[in-house]
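> With the hints as extra help, turn the sequences into a complete structure.
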Amino acid sequence: MCGIVGLLVKKPALRSRLGELMVPMLIGMTERGPDSAGLAVFTEPLAENMRKISLYSGMCEEGADFNWLGLGHELKEHLGIDATITAQGNHAILTAAIAPEPVKRWIKERHPKLHILSTGRAIDLYKDIGTPAEVAARYAFSGLAGSHLVGHTRMATESAVTPDRAHPFTAGEDFCLVHNGSLSNPYGVRRMLEPHGIRFETDNDTEAACRFLEWRLREGDDLETALQKGFEALDGFYTFLMGTADKLALIRDPFACKPAVVAETDDYVAIASEFRSLAHLPDIKHARVFEPAPEEMYVWNA
Amino acid sequence: MERMSFDLAQTPLRELNSFLHRDAPAKGVQKVVVTNPDGAHNIAVGLDCPVEVDVHGHAGYYAGGMNKTGTVTIFGSAGTGVAENMMSGRVHVKGFASNGAGASMHGGLLVIDGDAGLRCGISLKGGDIVVGGSVGSFSAFMAQAGRMVICGDAGDALGDSLYEAVLYVRGSIKSLGADAQIEPMSEADYAAVKSLLDAAGMQHDPKDFKRVASARSLYHWNADADQEY
Numbered sequence: 001m002c003g004i005v006g007l008l009v010k011k012p013a014l015r016s017r018l019g020e021l022m023v024p025m026l027i028g029m030t031e032r033g034p035d036s037a038g039l040a041v042f043t044e045p046l047a048e049n050m051r052k053i054s055l056y057s058g059m060c061e062e063g064a065d066f067n068w069l070g071l072g073h074e075l076k077e078h079l080g081i082d083a084t085i086t087a088q089g090n091h092a093i094l095t096a097a098i099a100p101e102p103v104k105r106w107i108k109e110r111h112p113k114l115h116i117l118s119t120g121r122a123i124d125l126y127k128d129i130g131t132p133a134e135v136a137a138r139y140a141f142s143g144l145a146g147s148h149l150v151g152h153t154r155m156a157t158e159s160a161v162t163p164d165r166a167h168p169f170t171a172g173e174d175f176c177l178v179h180n181g182s183l184s185n186p187y188g189v190r191r192m193l194e195p196h197g198i199r200f201e202t203d204n205d206t207e208a209a210c211r212f213l214e215w216r217l218r219e220g221d222d223l224e225t226a227l228q229k230g231f232e233a234l235d236g237f238y239t240f241l242m243g244t245a246d247k248l249a250l251i252r253d254p255f256a257c258k259p260a261v262v263a264e265t266d267d268y269v270a271i272a273s274e275f276r277s278l279a280h281l282p283d284i285k286h287a288r289v290f291e292p293a294p295e296e297m298y299v300w301n302a
Numbered sequence: 303m304e305r306m307s308f309d310l311a312q313t314p315l316r317e318l319n320s321f322l323h324r325d326a327p328a329k330g331v332q333k334v335v336v337t338n339p340d341g342a343h344n345i346a347v348g349l350d351c352p353v354e355v356d357v358h359g360h361a362g363y364y365a366g367g368m369n370k371t372g373t374v375t376i377f378g379s380a381g382t383g384v385a386e387n388m389m390s391g392r393v394h395v396k397g398f399a400s401n402g403a404g405a406s407m408h409g410g411l412l413v414i415d416g417d418a419g420l421r422c423g424i425s426l427k428g429g430d431i432v433v434g435g436s437v438g439s440f441s442a443f444m445a446q447a448g449r450m451v452i453c454g455d456a457g458d459a460l461g462d463s464l465y466e467a468v469l470y471v472r473g474s475i476k477s478l479g480a481d482a483q484i485e486p487m488s489e490a491d492y493a494a495v496k497s498l499l500d501a502a503g504m505q506h507d508p509k510d511f512k513r514v515a516s517a518r519s520l521y522h523w524n525a526d527a528d529q530e531y
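Protein chains in written order, with my numbering: chain W, 1 to 302; chain Y, 303 to 531.
Source of the hints: derived by calculation from the structure; they are not laboratory data.
Source: prediction; values computed, not measured.
Ideal placement from N, C-alpha and C gives every residue a C-beta, glycine not left out.
A hint or two may mislead.
What the hints assert, rightly or not - Computed spacing ranges between beta-carbons, pair by pair:
| no. | chain 1 | residue 1 | chain 2 | residue 2 | range |
| --- | --- | --- | --- | --- | --- |
| 1 | Y | Ala525 | W | Phe231 | 35 to 43 angstroms |
| 2 | Y | Asp500 | W | Asp221 | 50 to 58 angstroms |
| 3 | W | Asp266 | Y | Gly330 | 42 to 50 angstroms |
| 4 | Y | Ala328 | W | Tyr187 | 55 to 63 angstroms |
Structural data, given as C-alpha cells:
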C-alpha cells in the first residue's frame, strides 16, 4: 500500500498557498503510507542557463550537520562555480548557472553519500523516512509555493525503508514520478535500459518506471506517447502520478488495482489515492469528483 | 428516539457504528443522518436492524458492507467495496461507486445511480445490483446467483466464469468473459428487468436490455480438451 497526492492550482494567486493546501492531503494518506513521505514542487522555472539541484545529506555521516557552506566553497574552488545554497538541516537546494551533469558527477565523486534528489529549472524535491506529519514538519511543507506538486506516502513492500527509496523518484531534469503498487518486471526494464547508459541508484521497482518514462521523453516522445509505451513495457500494479515543469499526469494499470480519485474546481485539480485526502479542500462540496479509468491518460497543464 | 444525526467532522466513526449496532435496534431508531463523511471507511457497516441511514457526502471503503435489513443511502460517491457481502436490505449510491461494488453480496438490493468501477458484483451469491451508468472490467466475475442490471455499458470480460447469476445489459459490452454468453430475453426476463428498474427508480424500456448468462461449459472438467480455454 502507499498513498499518492497531487495538486495543481489554476490561479496564480493560489500558488503561495500550494503547500498549505497540500499538507492535510499528505497527512490524510498516513494510514496508506506511514514509513516515509516526500514531494516534488514545481516553481516558476529559472532562466535558461540556470539549474537547481535538491540535495539530501541524511545518509552522510554528518547528517543534518553537513557543511553546506563548505560545499559552496568547494564548488567555487574546484569548478569555479558561484552557487547559491539554501540549506535547511539535511536538505539543500543548490542554484547556479551550470551544465548540471559535470557538477553532479563532481558531487558524486567528492561526496558519494550526498544524495541528489532532483535536477531542473522548476523542480524542488524533498523526501525522507518518518510519518507524513513528521516529514512535512521537518521540511516546512506548509510554506512551499508553486504551480503544482506531486506527493507520496510510503508503506514499503518492494525494497527497504530508506530515504533514497522513498518517493518521488526523479530522472533527467524536471521530471518525477510517484507509484502506488508493485511492478512485476522491474528487472527486465532495468536490463533493457542499462545498455542505453541509464544508471540506477536503488533496487526499487518504481525507479525502473521513472527511468523508463524519462528515457522515452528524452528520446523525443511527447508525454502521451511515452505513457503509451509505458502501458506496453511496464507490467504489474500501478497508479502513477508524474510531474513535469508544466504538467501533472496520471495513469492506472488495466486492472485498476490501486485507487485514485480526482477533484476539480475552477481553482485547482487535486488527486489522491482516496477521497479522505481531498475532503478538506476549499469548495470541495462543489468540485467535480471522479475516478480515473484504467489505461487512460490524464494530463493537466499548469 | 426516532431520528439521530452524526456529524463525522465532530464524532468518531466508531460512535456512529456502535450506535447503529447497539442503540438503534434497542431503541427502535428509524433514521440516522450522517454528515461530513469525508471519505471515511466502514460507514454503517454490519447493520442488523431496519434502520435508515442517510450519508450526505462521499463515503470511503466498504460503506454499508454486510448490511442486513438496513437501508443506506449515500448522497455522494462510494469507495471500494460498497455493500460488500450485503445479506439483505438496500444500499443506494446516488453518485458513482468505485471497484468491487456489491462484491460477494448474498441478498438485498444495491442501486448505483452513476457508474460502477471494476469488478462490480464479483462473486455475487444472491441479491440484485442495478447500475444506472456503466460498469468496469471483470464485473460479475464468478457470480454464482443473483441478478445485475446495467443501464450503461460493460467493460472487458463481463461475467467471466459465470455460474447461475443473470446479467442484463442495456449498452454495449466491450467483451464477454470465458463461458458468458448473450441469450434471448424471455417474458420472465423482461418482467425481471422491469421490476428491478422500478425498485431502483430508473426508467428504461426493458426491451432495450440483453441477457448474459453462463454457457455452463466450464461446469464439468473436460479431460479431452487441450486445456486451451
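> For the hint 42 to 50 angstroms, verify it against the beta carbon of W:Asp266 and that of Y:Gly330.
holds, 46 angstroms
> Take the C-beta atom of Y:Ala328 and the C-beta atom of W:Tyr187, compute their distance, and say whether it sits inside 55 to 63 angstroms.
holds, 59 angstroms
> So does Y:Ala525 sit 35 to 43 angstroms from W:Phe231, Cβ to Cβ?
Because 38 angstroms falls inside the window, the suggested range holds.
> Against the range 50 to 58 angstroms, how does the distance between the Cβ atoms of Y:Asp500 and W:Asp221 compare: consistent or not?
Roughly 52 angstroms apart at Cβ, these two residues keep to the hinted range, so it holds.
Hint compliance for this structure: no hint is broken.
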